[in-house]
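Generate the whole structure from the sequences, applying the supplied hints.
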Amino acid sequence: MSAPDLLALDEVARTATEIEPRPSGRLEAAVVLETIGYRDEDARALGFPDVFGLADSVKEASSLYSWDEPFVEAPSRREQGLTLYLVGMFYNIGWIVMLIALFMGGQSLWAAANMPVAVSTAIGLGVVLGLASTGGVQQFAAWKLIYYRSQGNVPLARFVMRRSLLWGSVVLGGMAVLAGVLEVAVIGLPAPLAILSVAFLLLIGAYRLAMTPVFALKKFVALIAVSALALASMFTASRLLGAAGVDRVAAVVISQILGLAVLLCASLALLWSLVFTDTKEVPNPEEPPFYARRELPKNVRPPEFWTLAYEGTPYLVYGTMYFVFLFGDRLVSWFAPGLGPLALNYNSTYQIGVDLALLLLVPITAVKFPLIYRLADYLEANSRASTVVRPQAFTQSVARFHNGLLVRVLVAAGTFAAFAYLGADGIVRIAGGDAQSASIFRFALVGVVLFSVFLANSVFAMAFRRIRVMAVLLVVAATLNYALGVLLARTVGPDAIVLGFILSALFLAGASSGYILRLRTSADFAYYSAF
Amino acid sequence: MRVLFLVSGVYPHYMGGVSTWADQLIRGLPEHEFHIVSVVSNPHVEVRYPLPENVRGLTTVPLWGTERPEEYLPGSFRRTMSRVGHTTDRAVRQGFLSAFEVFFRETKQGAPHPERLGEAAYSIHMFLRDHDFLATVRSRVLWDAFRGLLAEDPLLSTLDLYEGVNLLRTLVRYLRILAVRPPETDLAHSAIASVAGLVGVLANLEYGTPNLLTEHGIYIRERLLDLLNQPLSEPAKVFWQNFHTSLARLNYHYAERILPVCSFNSRWEAHLGVTEDKVQVVPNGVDGARFRPMEVAGAENGGTIVAVIRVDRLKDTMNLIQAMGHVNASRPDVRCLIFGPASDADYARLCIRERAVLGLESWIEFRGFTREPEVAYNLGDLVVMSSISEGFPFALLEGMASGKAIVATDVGGVAEALGDAGLLVPPRQPKALADGILRLLADPALREDLGRRARDRALVRYDMGNFVSAYRGAYADVGRAS
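Listed in order, the protein sequences are those of chains L and Y.
Using the numbering used here, the first residue of the first sequence is number 1, and each one after it goes up by one.
Using the numbering used here, the first residue of the second sequence is number 1001, and each one after it goes up by one.
A few of these clues could be false.
[What the hints assert, rightly or not] Per label pair, the in silico range of CB-to-CB distance:
id: 1; chain 1: L; residue 1: GLY510; chain 2: Y; residue 2: SER1041; range: 43 to 49 Å
id: 2; chain 1: Y; residue 1: VAL1047; chain 2: L; residue 2: SER169; range: 27 to 33 Å
id: 3; chain 1: Y; residue 1: HIS1271; chain 2: L; residue 2: ASN403; range: 51 to 57 Å
id: 4; chain 1: L; residue 1: GLU41; chain 2: Y; residue 2: PRO1154; range: 35 to 41 Å
For the record, the hints were derived by calculation from the structure and aren't laboratory data.
Every residue, glycine too, gets a C-beta built ideally from N, C-alpha and C.
Right under this line is the structure:
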């Protein structure tokens, strides 16, 4: 090639590298050349048979003009630990608000102090069954709602929500009928109390279903506002009824139902506004008038629902069994003799002990949240530091993360539990419990510490989409909790039921840790298959 | 004749040039029955064209945005459960892995043996008939095999884990198409040499269905352009370049006839090994009754140029704005009307800013999308195209049929379409574009002559009837019922 030809080729290469600094093959170089206007005739004028021939030489020559762009590190998102801690706390805000109300005002939306055992049993059964029958549907709906919302696929997000509400309502309705019949025929609740129980079941179940988007989309302010509004309605009604001379038990129950109705209405309004209302796009004043936002499809064909349901079964099971497990020992304690006239009676002594111990989960969740929040970024950063054929460094980094998570949770849980253990008598007394409740409380703290290990492992597993195993563990643990509770109650005594909770929580902590330890050894595969 | 019609990202879910072509074709051939397989990126789509009666089926295949292929594929729950039950690590190792390894080795090299790639794809398809797709692609066995395949390649073995994970995840997204069971038809006609065409390859290997391929843009060329803007490492970029090259080669190999819309496209096809005897150029058609010279309100003679183009980088609207800067220096009376939406707000803002920098706010009007392009063309004295990449653009044919003199950049099939009935200028050269515009504005006789020749050329060569007849003939020649 003559000097003028070489100069001409260099000019072409220099221009081409302005578009692509490093063409990685002749086809890519040819595309770039065509883009800047080179035709076969131009290539021939430079002594090449066609553009593809010219592309070969341009690719070689371009190495003279290409350069590596300086690596610009993205600014790291260092969220304040306190902010994340508070966000973690907010996950339990509904629960916290209700407990504060109970302690401060003597009643919350689904619990009250010093109520007749039959009323407490009716309401307690309604609450337990309402939570257990909707926990799974809520988990499933949240999973798919987030999935479609993240893709901007509003029609399918609505489709999933509609179907979940439909099936959730069917389950809730079925459960209401079954509960009503069993409560009257087997437990021996008088019909009015069975109706009360079913009313609580329906109200709480419907509220949980309606709040799915609030939890899924982390609308914590809305959650606080709705809870506060419901409580304000309840306390106002309670005071007014009391002032009007209505019997205290009736006043509590009526005001609770009113509060729950307000809660449900507000939740439905939120559901409507978050999922079923078209958001009005505010035009960007800087947007050119001819800029056409893509018209989003509305008549989107929904997927076959049974395939979604099949894929979502682990979420359904996990969400349901979470409550089934947690209520296991408490329900068994209701069968203790001498509590009341029914076949099973609300056991306030046991409930106070275990319910208070479960409060420990609130600060532990908050401790866990900041770590889990950063997991996705952590995985990405560390996966970039290993090659795919030698992923050992990544595997070690995942193990380090999990170790850190467990240590943090155990230290937090252990510290909180130690303080709670030391102050058990005082804490239990505030809630109206006695020495027996305090003893149960101390034992239950051990179970809650172990359960928090399981929850930490669960959330870690979910980051790798390994919810199926966690759901199975919950099924086994719930069975253990019931079986051991019954066995211990019969052989040792009712107070020993809490040991069933501890042992089943120990199983959950041990089995889930074992599973995660195994998952950690092939973290690269776990990372790949988490889709 | 029953035709399996394969499209990707167009008809009937998206509007646009290729969709218009598909609609014209199906409506123009009412004697044939069509079953459409439409590959879309996401299920967030709706049918935007009313389907004619001769469309007997529509299978939508979203590659992303779903968990399981079965969400949108026909099949019973029992069948799916049976597939799930059959999918063990052992089954994947014995029935899937060897085909996947061939598939991967072929695609990473750009398919030097397309028939091997086709057979591997068919083996994977056969495996997926009795086994669960999701369980297969999420299996440990596949991941280990994939790592082994990367380890044997000096370039790909340097991929970091993040990119490696994304590469396999993306690859298995494409493999979803192999879970589609093609219906038995007399002909498989693919409108793109991409993943959609794989269904035609499967039909060929299953039933011996002959394949026909139309190329509007050149698939591989468009993918290469797209990859220029992807933030990928060198190994990943090379892999995807070769992967898309493989898909194109596979489509070319199995097609009995390839019908590009212009000869420009056939150069790329030839470069990828397509022999000349397989190629038949069938240009797009234009409706000469709708697009014709007409008197329209608002038209001003002597100083208006019209561009019916999207405001985007491929159409190089910036080139036109800068050309108008040159035009304005000599002819401050000339205005430019740009009809077309912008899909990229950032680029649109750049255009607005450039117009302001050049002080052309009063001379360049962005009029946005028009539902009456036939009116838009007739508002101008001449029509301009400023693109850096084109296939065989409908907008050019419509401008020609409207009897307008045209100045266009010499890209893709534009030179073929226009012939000597307009002026061609190099792309990305605003001064050259301005010179062409000024030359035509200064010479009404030349304008009139070119406009008349352009319309004649459009009616004779690119009449809608011609294009439909060409396909009728191709179907008769290639289809099994012939």
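Violations among the numbered hints: none
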